[in-house]
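Asker: Given next are the chains, with one letter for each unit.
Number of protein chains: 2
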Amino acid sequence: MLITKHQNIIDNAVKANHERTFYAQYPEHPKAYGEEAPAKGGQAFKEQLNQPFTRLKQKVMEGMAGEEVSPYTQEPLGITYPVIAVDELVSAGKRAGERWAALSVADRANILTETLEKIKDHFFEIAHATMHTTGQSFMMSFQASGPHANDRALEAIAMGYQQLQHFPEKLNWEKPMGKFSIKLEKSFKAVPKGLGVVIGCSTFPVWNSLPGMYADLVTGNPVIVKPHPKAVLPIAIAVAVIQQVLEENGQDPYTCQLAVDSSDHLITKELCEHPQIALIDYTGGSSFGNYVESLGGRGKTVFTEKAGVNSVILDSVKDIDAVLQNLAFSVSLYSGQMCTAPQNFFIPESGVGTPDGKLGFNEVAAKFRDAITALVNNPKMGAGTLGAIQNEATLQRVKDAAQLGGKILLNGTAVVNEEYQAARTCSPAVIEVSSADHGIFERELFGPVVLLVKTKDTAHSIQLARKMAEQHGAITCGAYTTDETVKDNIATAMNSVFTPVSFNFTGFIWMNQHAAFSDFHVTGGNPAGNASFTNQEFIVKRFVWVGNRTYVD
Amino acid sequence: MLITKHQNIIDNAVKANHERTFYAQYPEHPKAYGEEAPAKGGQAFKEQLNQPFTRLKQKVMEGMAGEEVSPYTQEPLGITYPVIAVDELVSAGKRAGERWAALSVADRANILTETLEKIKDHFFEIAHATMHTTGQSFMMSFQASGPHANDRALEAIAMGYQQLQHFPEKLNWEKPMGKFSIKLEKSFKAVPKGLGVVIGCSTFPVWNSLPGMYADLVTGNPVIVKPHPKAVLPIAIAVAVIQQVLEENGQDPYTCQLAVDSSDHLITKELCEHPQIALIDYTGGSSFGNYVESLGGRGKTVFTEKAGVNSVILDSVKDIDAVLQNLAFSVSLYSGQMCTAPQNFFIPESGVGTPDGKLGFNEVAAKFRDAITALVNNPKMGAGTLGAIQNEATLQRVKDAAQLGGKILLNGTAVVNEEYQAARTCSPAVIEVSSADHGIFERELFGPVVLLVKTKDTAHSIQLARKMAEQHGAITCGAYTTDETVKDNIATAMNSVFTPVSFNFTGFIWMNQHAAFSDFHVTGGNPAGNASFTNQEFIVKRFVWVGNRTYVD
Numbered sequence: 001m002l003i004t005k006h007q008n009i010i011d012n013a014v015k016a017n018h019e020r021t022f023y024a025q026y027p028e029h030p031k032a033y034g035e036e037a038p039a040k041g042g043q044a045f046k047e048q049l050n051q052p053f054t055r056l057k058q059k060v061m062e063g064m065a066g067e068e069v070s071p072y073t074q075e076p077l078g079i080t081y082p083v084i085a086v087d088e089l090v091s092a093g094k095r096a097g098e099r100w101a102a103l104s105v106a107d108r109a110n111i112l113t114e115t116l117e118k119i120k121d122h123f124f125e126i127a128h129a130t131m132h133t134t135g136q137s138f139m140m141s142f143q144a145s146g147p148h149a150n151d152r153a154l155e156a157i158a159m160g161y162q163q164l165q166h167f168p169e170k171l172n173w174e175k176p177m178g179k180f181s182i183k184l185e186k187s188f189k190a191v192p193k194g195l196g197v198v199i200g201c202s203t204f205p206v207w208n209s210l211p212g213m214y215a216d217l218v219t220g221n222p223v224i225v226k227p228h229p230k231a232v233l234p235i236a237i238a239v240a241v242i243q244q245v246l247e248e249n250g251q252d253p254y255t256c257q258l259a260v261d262s263s264d265h266l267i268t269k270e271l272c273e274h275p276q277i278a279l280i281d282y283t284g285g286s287s288f289g290n291y292v293e294s295l296g297g298r299g300k301t302v303f304t305e306k307a308g309v310n311s312v313i314l315d316s317v318k319d320i321d322a323v324l325q326n327l328a329f330s331v332s333l334y335s336g337q338m339c340t341a342p343q344n345f346f347i348p349e350s351g352v353g354t355p356d357g358k359l360g361f362n363e364v365a366a367k368f369r370d371a372i373t374a375l376v377n378n379p380k381m382g383a384g385t386l387g388a389i390q391n392e393a394t395l396q397r398v399k400d401a402a403q404l405g406g407k408i409l410l411n412g413t414a415v416v417n418e419e420y421q422a423a424r425t426c427s428p429a430v431i432e433v434s435s436a437d438h439g440i441f442e443r444e445l446f447g448p449v450v451l452l453v454k455t456k457d458t459a460h461s462i463q464l465a466r467k468m469a470e471q472h473g474a475i476t477c478g479a480y481t482t483d484e485t486v487k488d489n490i491a492t493a494m495n496s497v498f499t500p501v502s503f504n505f506t507g508f509i510w511m512n513q514h515a516a517f518s519d520f521h522v523t524g525g526n527p528a529g530n531a532s533f534t535n536q537e538f539i540v541k542r543f544v545w546v547g548n549r550t551y552v553d
Numbered sequence: 001m002l003i004t005k006h007q008n009i010i011d012n013a014v015k016a017n018h019e020r021t022f023y024a025q026y027p028e029h030p031k032a033y034g035e036e037a038p039a040k041g042g043q044a045f046k047e048q049l050n051q052p053f054t055r056l057k058q059k060v061m062e063g064m065a066g067e068e069v070s071p072y073t074q075e076p077l078g079i080t081y082p083v084i085a086v087d088e089l090v091s092a093g094k095r096a097g098e099r100w101a102a103l104s105v106a107d108r109a110n111i112l113t114e115t116l117e118k119i120k121d122h123f124f125e126i127a128h129a130t131m132h133t134t135g136q137s138f139m140m141s142f143q144a145s146g147p148h149a150n151d152r153a154l155e156a157i158a159m160g161y162q163q164l165q166h167f168p169e170k171l172n173w174e175k176p177m178g179k180f181s182i183k184l185e186k187s188f189k190a191v192p193k194g195l196g197v198v199i200g201c202s203t204f205p206v207w208n209s210l211p212g213m214y215a216d217l218v219t220g221n222p223v224i225v226k227p228h229p230k231a232v233l234p235i236a237i238a239v240a241v242i243q244q245v246l247e248e249n250g251q252d253p254y255t256c257q258l259a260v261d262s263s264d265h266l267i268t269k270e271l272c273e274h275p276q277i278a279l280i281d282y283t284g285g286s287s288f289g290n291y292v293e294s295l296g297g298r299g300k301t302v303f304t305e306k307a308g309v310n311s312v313i314l315d316s317v318k319d320i321d322a323v324l325q326n327l328a329f330s331v332s333l334y335s336g337q338m339c340t341a342p343q344n345f346f347i348p349e350s351g352v353g354t355p356d357g358k359l360g361f362n363e364v365a366a367k368f369r370d371a372i373t374a375l376v377n378n379p380k381m382g383a384g385t386l387g388a389i390q391n392e393a394t395l396q397r398v399k400d401a402a403q404l405g406g407k408i409l410l411n412g413t414a415v416v417n418e419e420y421q422a423a424r425t426c427s428p429a430v431i432e433v434s435s436a437d438h439g440i441f442e443r444e445l446f447g448p449v450v451l452l453v454k455t456k457d458t459a460h461s462i463q464l465a466r467k468m469a470e471q472h473g474a475i476t477c478g479a480y481t482t483d484e485t486v487k488d489n490i491a492t493a494m495n496s497v498f499t500p501v502s503f504n505f506t507g508f509i510w511m512n513q514h515a516a517f518s519d520f521h522v523t524g525g526n527p528a529g530n531a532s533f534t535n536q537e538f539i540v541k542r543f544v545w546v547g548n549r550t551y552v553d
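Line by line, the protein sequences give chains W and V. For the first sequence, position 200 matches number 200 in full-length UniProt numbering, and the numbering has no gaps at all. For the second sequence, position 433 matches number 433 in full-length UniProt numbering, and the numbering has no gaps at all.
Everything labelled a hint here was simulated from the structure, so no lab data went into it. Be careful, since some hints might not be right.
No copy is singled out in the list; a pair is fine if it fits within one copy or between any two copies.
Keeping only pairs whose Cα atoms sit at most 30 angstroms apart, straight-line, the calculated DSS-like set for lysine-lysine is [to be verified]: (1) Lys189 x Lys15; (2) Lys183 x Lys31; (3) Lys487 x Lys94; (4) Lys318 x Lys179; (5) Lys318 x Lys487; (6) Lys399 x Lys456.
Please work from the sequences and hints to get the whole structure.
Answerer: Now the structure itself:
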């Protein structure tokens, strides 16, 4: 074994992964990382601006490229990255993979945990990089791309560590045959499937990429990371650290490569279709995701997280204000640009049950609108909760949503960000639609768009939410009810289309959040994606058990 | 919990499955099942001949059908089975599945183990049924369709029992937030994917079907079993027992249904393509198997065992006679109609190393031919080892093989079976081909056809065997070498294309055999099939983890 110093971290992660109670190897509080870390991280980010990114151990083959623009300043970051031809990436990855595959899973898990411990030292730099590529607030950037992403990576390491040790490496098999016995020496090997590609998205460039990367790596597969060309820096920092640690531990740094492309010459399809690519992890829109899934028919193993339309079912509540404040935050957080953000709110035409009787649909809608307005206009909360809009297409989508035919209850408008006057911002638009307006609420309107759908009753709400998840996919579902039978009905209906339900969330927890070591992220069972962070399938499909037998005289 | 009496069997099976040392819940010796069992089983089989099969709990919807013919007597069995329309099967299965899915995995595992304990009482009847549909010898019929199949089913139960308990059913999650904490009640459910279809083959109607059936059932999915129309009875007996036990335990017998069709109206495609079918297990030829795999693109989860071309690499041996006797048995056993039977024997032109120096290619070939002839003509061994040929197409394939262009060293000929004069039999044909004759040895010649391929040297043999497995699939590979370096090279090369290797088998163990609880059957990594009895993937792809969360005030 090469290094064993992280065995304790790995063992704790395996235990946490099973038990699924609260666990975090990497605390989400910035203060946990020392007094000097914030300034050091900010400085490192500033120094990288307008400079080539030279930290990778990959050779520059075809020049440098970079096109990142801060959603906060709307200015280019001016950072360039080495561009390498697909064939070069593939052959270097294949070569590096042989040494990596020969390691035991314990060695790989230890080296990979070491990479996380080293990435930790860059959490603040990665936070700035995430903020100025995705438009997330600084705090969300820190948590999502830092500790939360590292915990998701560790979760994948732990699951791999465990699954690859499901069967013994060697054993003696002896079959009694009466007067004699037959003896065989047997050995079992988890043979890695081959070179992997991880395709990143522009909104969560680290959180959504690390699980696939670490799942590939822990199971012995080399990996090529292909970030969105508008969100490279956050994951480039992580890849550079991984390469450094690989080299320090006698491994080939090309085991984990960064593949940078540009909007006018995207290489994703070329990479995915390369015959040497065995594994693909994808996060992004459904249209390209469906194409990636179709490559499963060409013998590739594919893991996707695509888009879904998330619902909230409002039946009855203990405290309507607490509920609507919670939901106002859910739809405002990062301006609805989370794949877990709710879009469709199914509310019965007779209203929502409260301890004081039914609150009518219009009153609930007005209260919700007011809660959103209050949050958005709160000088201490608004800009920080919303962050910025990653790209113009999302902004346009909010404008277009107003033309869809619903009743506009609240327009999406620019929100002043005191620190970044040029920030691309937009508050949530709230639109009332009837349950007959399928054409409107049956599509994902990614970004700050909230649809309030008036239904006949809660049974109708459940029926519509279920149908949405079954046909268009769903990653989350929120539900509010004080009635145990209704709760069971919602759970049964939504779970039957492989959608998890968060019941009665108020206070400082939101349905958008999926905690590592406890919540599965995406179930893999509906059109929102075919994979799940991190169930057994996410790991075991990346390798093949092969057993050899030798006759013993 | 309904019944718990089999917990000990389940626990032992889980342990055996992990440890992979020799284990059998159902002994393979016929004598283990009591003195009366053989006669009782024979009698039950005889009484069923020329009668409708009325033991199923399914309603006869569209009349009765049956077209089985004994390969031993070449007479129809005269047994008919209820024919039911696909839509009826599907809706009955869906309905039954709801109650079944609501059970705990422990309840399901106990009921399913009870079905195996009851199937055990029919081992001899199933043996006769298998013999007179597949052409296997009585002993192979008994072992393969009886104890070995039951053990494979128990293996699937055990893996399911374990994987579904990987995460807790309920837990309290508490996240410390400094002065307060956030509390959630969480629950995790392994939601079954839906109705399954298991498509059987004509040569191993029970052994190859039980794993998929029990994998579906233990994970909470109802299943429809679609046997080959020429080999219905063996699995019909098992399904009838399963339905009986289901009913005795308060379950809907339609949870496991038999779907019988006829050669002039096959329903397999209609069944597979039905939108309500979520899972498909298939054993059979590659062409239909590739079609079944293509249904993966339509959202179905597919498990296949197709055809492969299995190789033997002969490098060096301690005792050439012991080796060739072992291999002669391997190619003769059930007349090469096992998916694990070797077809291509790669032998260097310079011959095979022995303690007395190299034995030339021609001498090895002659010795092999003689070993086969001696076995075939041995009155105590020949007919019993070969069994009968399941269908005319296989017989024709042996005849055609003689026309392929190789050098005929031994013709396949009819072999006298003293007990069944009318038996359809054929001894192995042995054909020498050059390594340039790709067109001949690159296809699967299912049945008693042995190709001896003359190679430049062992490195060349390895290269060809590896390429065969990579391009055409392989389920097994035999190798003989006394050189540790060559052994490593063979293991590395074949394992890299996800093919297991059996080294230096002599005596009473053959490369064709894959033992439950120890050997994986098919790796799932090469074109011979995408699934493996029974790795984690064989189980975890049949359900989806879904978690619900409830906020605790």
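Asker: The structure should be examined with respect to each hint, and the outcome stated for every one.
Answerer: Checked hints:
1. Lys189 x Lys15: Both. Shortest intra-copy (24 angstroms) and inter-copy (19 angstroms) distances satisfy the 30 angstroms Cα cut-off.
2. Lys183 x Lys31: between (60 angstroms within a copy, 23 angstroms between copies)
3. Lys487 x Lys94: between (51 angstroms within a copy, 24 angstroms between copies)
4. Lys318 x Lys179: between (75 angstroms within a copy, 24 angstroms between copies)
5. Lys318 x Lys487: within (14 angstroms within a copy, 71 angstroms between copies)
6. Lys399 x Lys456: within (29 angstroms within a copy, 72 angstroms between copies)
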